[in-house]
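Asks: Residues per chain, in single letters:
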Amino acid sequence: NAGVTQTPKFQVLKTGQSMTLQCAQDMNHNSMYWYRQDPGMGLRLIYYSASEGTTDKGEVPNGYNVSRLNKREFSLRLESAAPSQTSVYFCASSEADRGGYGYTFGSGTRLTVV
Amino acid sequence: GNSVTQMEGPVTLSEEAFLTINCTYTATGYPSLFWYVQYPGEGLQLLLKATKADDKGSNKGFEATYRKETTSFHLEKGSVQVSDSAVYFCALRREGNNRLAFGKGNQVVVIP
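Here the protein sequences come in this chain order: A and B.
Numbering-wise (this note's numbering), the first sequence opens with residue 4 and increments by one.
Numbering-wise (this note's numbering), the second sequence opens with residue 59 and increments by one.
Any given hint could be a false lead.
Said to hold, decoys possible - Computed list of lysine-lysine pairs in BS3-like fashion (alpha-carbon distance at most 25 Å, straight line):
hint	chain 1	residue 1	chain 2	residue 2
1	B	K135	B	K114
2	B	K162	A	K12
3	B	K162	A	K60
4	A	K12	A	K74
5	B	K110	B	K126
6	B	K114	B	K162
Quick caveat, the hints were computed from the structure, so don't treat them as lab data.
This one's a predicted model, so the numbers in the text were calculated from it and none came from an experiment.
Using the sequences and the hints, build the whole thing.
Replies: Structure (structure tokens):
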């Protein structure tokens, strides 16, 4: 019962460095999402992929790019990390892109940019 | 647009006390409503949901009833335990819309 797996769990980057956060789900879900969680801000959607081959911007896409590699995997890339991107990042997936279906979340990646 | 409002501030209460966390929403049509729980250092987990008016979602002693007349989905538990200490998020999802809208969350601290 792996569900949604995120790697790495922790990462420290220097300003200007790049990295890719990996996410994979084994539930055959169609939709996948990337969120960031900051104190007092709740969860904010960065990018999502309604189905394999499609991606769309969320609320806070600037400074990020995504790739839906296949149905299982959805990666988030920071091309030039900034301290403002220090956050906890969550990947999620959903069986269907309609009302009654909730999300399954990964356990998060805690990223610090110094 | 779709939005969820949760009561401000953390909630601190003693073990075996009654817990209520308020959640109200704004949405057109008939959204599905959810409560998620986040334990320290973990991701969010679905706690319960309701997909139509007057439905009651329940799980682990928690309950919430979908009240369309008051656009609310308040979370309740009759007797909390220390292990219920977590952050609780209310969320909605409209039919045909593939994104959940989350509230800002409420930190719940249960003291022995």
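Asks: Each hint needs a verdict: does it hold in this structure or not?
Replies: Each hint, compared with the structure:
{"no.": "1", "hint": "B:K135 <-> B:K114", "verdict": "holds, 13 Å"}
{"no.": "2", "hint": "B:K162 <-> A:K12", "verdict": "holds, 23 Å"}
{"no.": "3", "hint": "B:K162 <-> A:K60", "verdict": "holds, 20 Å"}
{"no.": "4", "hint": "A:K12 <-> A:K74", "verdict": "holds, 22 Å"}
{"no.": "5", "hint": "B:K110 <-> B:K126", "verdict": "holds, 9 Å"}
{"no.": "6", "hint": "B:K114 <-> B:K162", "verdict": "holds, 22 Å"}
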